[in-house]
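K.L.:
Here's the letter readout for the chains.
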Amino acid sequence: MSFEQDKAEILDACIKCSACTAMCPVAAVNPLFPGPKILGPDAERFRLEGLQIGTTLSYYCSKCKTCEITCPSGVKITEMITRAQEDAKMSEGGKTLQFSIRDYLFGRAEYLGKLATVLPGLTNVLLKAPLFRQILEQTLGICSEAPLPAYHTKFETAEKDRKSKKQVVYFPGCFVTYNDPLTGQAIVKVLKHNGYEVIVPPFHCCGTPLEGNGYLREAQETAKKNLALMEPYMRAGIPLITGCTSCGLALREYPGLAESASELQAYDLFEFLWELQERNEFRKDFKDIQVSLGYHSSCHLKAQGIGTPSVRLLRLIPGVQVTDLDQGCCGLSGSYGFKKEKYHTAMQIGKPLFNRVRQGAANSEFQSVITECGGCQVQIRHGSGIETVHPVWVLMQAYGFFQLLSSGRHASSELV
Amino acid sequence: MKESKVVIIGGGATGVGILRDLSMRGISALLLEQGDLAHGTSSRFHGLLHSGARYAVKDPGSAAECIDENLILKQIAPHCISDTGGWFVQTRDDSPEYVEQWTKACANAHIPISEISPSEACRKEPLMSKDVLRVFEVPDATVDGFKIVWANAKSAKRYGGQFKTYHQAKRLIMENNRVVGVSTKNLLTGEEFMVSCDIVVNASGAWASHVTGSIGIPLDVICDKGTLLAFNQRLFQRVINRLRPSGDGDIFVPHETITILGTTSEFVDSPEENDPQEEEVNKLLEIGRHVLPGIMKNRVIRAFSGIRPLHREDHDVPGVNKEEGRNVSRSFALIDHELQDGIQGLISIVGGKFTTYRLMAEKVSDRVAEKLGSMTPCRTATEDLLPVIPEHLHKKAAQLLPYAPVEKMLERLQEDAESVLTEIQRDPRKGQMLCECEMVSAAEVEKAASDEDTHHLADIRRKTRLGMGTCQGAFCTYRALPLLWDKKEKYDALQDELRNFLNQRWKGIRPVLWGQQLRETELTRAIYASILQVREN
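These protein sequence lines map, in sequence, to chains A and B. Last residue of the first sequence: number 416 in the working numbering, and the count goes up by one each step with no gaps. Last residue of the second sequence: number 537 in the working numbering, and the count goes up by one each step with no gaps.
Simulated from the structure, these hints should not be mistaken for laboratory data. The structure presented is a predicted model; accordingly, all values stated were derived computationally and were not measured. No residue lacks a Cβ here, since even glycine has one placed at the ideal position from N, Cα and C. Some hints could be false.
Straight-line distance between alpha carbons at most 30 Å, and here's what the computed DSS-like set of lysine-lysine pairs gives [to be verified]:
hint : chain 1 : residue 1 : chain 2 : residue 2
1    : B       : Lys-363   : A       : Lys-89
2    : B       : Lys-104   : B       : Lys-130
3    : B       : Lys-430   : B       : Lys-488
4    : B       : Lys-170   : B       : Lys-396
5    : B       : Lys-507   : A       : Lys-7
6    : B       : Lys-5     : A       : Lys-7
7    : B       : Lys-488   : B       : Lys-164
8    : A       : Lys-224   : B       : Lys-164
9    : B       : Lys-283   : A       : Lys-7
10   : A       : Lys-340   : B       : Lys-395
11   : B       : Lys-395   : A       : Lys-89
12   : B       : Lys-74    : B       : Lys-157
13   : B       : Lys-74    : B       : Lys-164
14   : B       : Lys-124   : A       : Lys-95
15   : B       : Lys-130   : A       : Lys-224
16   : B       : Lys-297   : B       : Lys-154
17   : A       : Lys-340   : B       : Lys-396
18   : B       : Lys-371   : B       : Lys-185
19   : A       : Lys-95    : B       : Lys-396
20   : A       : Lys-89    : A       : Lys-284
Derived list of chain A stretches under chain B, where covered just means 3 residues or more per stretch with a C-beta under 8 Å from a C-beta of chain B [to be verified]:
hint : region
21   : 4-12
22   : 53-60
23   : 300-312
Let's have the full structure, built from the sequences with the hints guiding it.
P.N.:
Dropping the structure here:
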């Protein structure tokens, strides 16, 4: 079927039920935001008439994709909005120059990461300096209060082939590569502990930040580069694993981009581990630990439609208590919550979650929070002050590779 | 008893065109319409503003009229017209001889055509069949029937013209072989009264023979039913015609937010026989598939039918051959009953096409003016239909309604735009879209509901496009009810309004119940039959 026929049928599938808008985290806190139904399929019928409508407001869409997973008709609502933004950009509509430059930069997380990790120490000092942050706000519209994550020495790729029978390819993603390499190392360690050789090709950004900032075509170009890097492993039937839920969602959408990519087996880390568990191949040589955790499910994990495999898996560990917080979106949505005109919307969206986290921590219901998404971790720490890490660290602790998850300090800084 | 120089019967495009023309010449005129303006044939067509190319071979006279009027209307009513351009495409089933004949005929009628390569055509219209052999570009365009009829009515009003909707002309009043007035019934109140006048213009289209029949004058008007399909979205960017002798289902017209495929042709006995039938729908789909191969997967939101009032000049041909609709001239006839039947003060205008409504109005008005001794010439070919909308209103609308197609709203509202925008400014909640499919704000619906010439929810629909989009009234119908409740002295019981409106929608949905529209209808049924417990009486 042609792209255009497909597009026409997807638009036709909308029966105007408004479930998307009812579930939209932005529409819930911002009464001026008309929601995904109007900006997506409703406006699309007018866009086909050549009218640019709602473009400026559409930049308030956080691209969390809650609408797409909510839609009972399979309408690609976020994609529709993003494509409209891209078309508007061609005809220079909708954004100020300042915001265009900022969004151009935020879309390129990979290059920002490369630049920032030349001298990560200097970058981090600057990012913490109030004066520098004021300048960033004035010049680029990056909110001075926003929790920009610190940078670390780059996560290293490894492609050595030791001819082991059990191999996986790991897709670290920009957050692990530039901001949180220790979590990447932890994921590699857990996979190795389960008998897998871990190959890490020099992947590029998955494309989500580009898409989120309105660069759909460029995102697809980046995706194709990654697919080319995956090609030999795909042919050998080696699965692709990521611990980042936004990268994971993007990778699941890759097969539509290239014919040969149909055999791409993309897994979320815990989804993969759970399959091992079902095949009785998951190692459960756990140490005795006593931890209680609050779990936050990121929007992009939900959009993958695979449930919450990390919660299921961690509950296998004796002494581990996991409470699913179930308070919706954290609000950050990648770079969305860093933008000065959206920072407050993002904080509003996250409010129920932050309150729940603070309350749970105060009642000693749990000591810290786990969530797969790096952005959510940053935002929950910022909004609630409670330690938030990737769930792989619980496994690390249970396997005895790492001492106690402590509260108040960044766990990953205590590895090794 | 009321008085007017001229009474016009019929509030379709021709009738309002005459009202405007006469009013601009300073001749007092009153238009009587039994329903709402444009409720009949003038809104039940494909919305094509002909370039004339479709008639070039068979009816060169009509073709020449069309291209002239096409250019005039693009000048005077650009807000009602979308200058999409059109194509004539030859498929494998269409004869090459006809193509040669057609290109010559277009040249003779001075219709500019230019050929483009099939590969370029397929790139520009990706949903079109890849099997087309030749493609020609013509100056076809699309026209919004509702909008242009209302624009004429409003313009006429500015010149002192009057119109009364839901007023039925019961019979003509004669004195000594001269029509001197019209006995009229207000269908809303039941009140009957007489309007006296010097001249009656019968512009009632498919109902024209009923009007002359009241004084025993026969008028040969054939009711030719045409059924069309409305697709959920714009599938093409331009009008697409099959390059062959005109037949059923061979024109696709991108119209506002939808695409219309038409048209069938079948003689019926009365103008009321306008229920689209399943066989007609199937026929359209079968033929349309040659141009739009994915047709079964493109959502059809409704089917609708209009009645073409065709005029057959020779009284001798019996109307038995019901397949002959296309062979009767699509040109119009002005009948001065003084010359034809010896009855003074009565002119009938029958036949014709939407594209030539202005020309028809001009010819009628010239004749009326001549009879009344007026020397003022016609100005409708040069004077803009729409008053200039001040710049500050464009800005204000864009600011208050940041995601709505505000230009469309301004063009619909014209001089009422200011008050609607002020209301939204006062209460921003009224800037929310009451009809989300066609993006009509609560404030605009409220304004339409309070207009003195609005009496039913369907009148609001014709003025605003409420309920005409994807959901076919599933959500906007119940949302509009509270606004009617506020003016309940004007409206029927809300139960009746609700039921009538839904039944009108249902009439068009029933023959296209498959795929996504079936899902939509199930949702609608859940809302009204289950949650709101709406039942048949």
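K.L.:
For every hint, state whether the structure bears it out.
P.N.:
Here's how the hints hold up against the structure:
Simply put, B:Lys-363 and A:Lys-89 have alpha-carbon atoms about 50 Å apart, too far for the 30 Å limit, and the pair is violated. Only pairs whose Cα atoms come within 30 Å are accepted, and B:Lys-104 paired with B:Lys-130 is accepted, the gap being roughly 26 Å. A C-alpha spacing of about 20 Å is found between B:Lys-430 and B:Lys-488, which places the hinted pair at or below 30 Å, so the restraint holds. About 46 Å separates the Cα atoms of B:Lys-170 and B:Lys-396, which puts this hinted pair outside 30 Å; it is violated.
Our distance criterion of 30 Å between C-alpha atoms is met by B:Lys-507 and A:Lys-7, whose separation comes to about 29 Å. As the CA atoms of B:Lys-5 and A:Lys-7 are separated by approximately 57 Å, the hinted pair breaks the 30 Å bound. With a C-alpha separation of about 21 Å, the suggested pairing of B:Lys-488 with B:Lys-164 holds against the 30 Å cut-off. Using a Cα cut-off of 30 Å, the hinted pair A:Lys-224 and B:Lys-164 is violated, with the two alpha carbons roughly 65 Å apart.
A hinted pair counts as satisfied when its Cα atoms are at most 30 Å apart, and B:Lys-283 with A:Lys-7 qualifies at roughly 26 Å. Annotation: proposed proximity of A:Lys-340 to B:Lys-395 holds, straight-line Cα distance about 26 Å (limit 30 Å). Taken as a hint, the B:Lys-395 and A:Lys-89 pair is honoured in the structure, with Cα atoms around 22 Å apart against an allowance of 30 Å. About 22 Å separates the Cα atoms of B:Lys-74 and B:Lys-157, which keeps this hinted pair within 30 Å; it holds.
With a CA separation close to 28 Å, the supplied pair B:Lys-74 and B:Lys-164 stays within the 30 Å bound. The straight-line distance between the Cα atoms of B:Lys-124 and A:Lys-95 is roughly 29 Å, inside the 30 Å bound, and the hint therefore holds. Using a Cα cut-off of 30 Å, the hinted pair B:Lys-130 and A:Lys-224 holds, with the two alpha carbons roughly 29 Å apart. For the given pair, B:Lys-297 sits about 41 Å from B:Lys-154 by alpha-carbon distance, which is inconsistent with the 30 Å threshold.
Between A:Lys-340 and B:Lys-396 the alpha-carbon distance is near 26 Å, which keeps this suggested pair within the 30 Å criterion. The straight-line distance between the Cα atoms of B:Lys-371 and B:Lys-185 is roughly 27 Å, inside the 30 Å bound, and the hint therefore holds. A threshold of 30 Å between alpha carbons decides the hint, and for A:Lys-95 with B:Lys-396 the separation of about 19 Å falls inside it, so the pair holds. Among the hinted pairs, A:Lys-89 with A:Lys-284 is inconsistent with the structure: their alpha-carbon atoms are about 52 Å apart, more than 30 Å.
Here the region 4-12 of chain A counts 6 residues with a CB under 8 Å from a CB of chain B, which clears the bar of 3, and the coverage holds. Under a criterion of three residues with beta carbons nearer than 8 Å to beta carbons of chain B, the stated coverage of the region 53-60 of chain A is upheld, 4 such residues being counted. With a threshold of 8 Å between beta carbons, the proposed coverage of the region 300-312 of chain A by chain B is violated, since 0 of its residues qualify and at least three are required.
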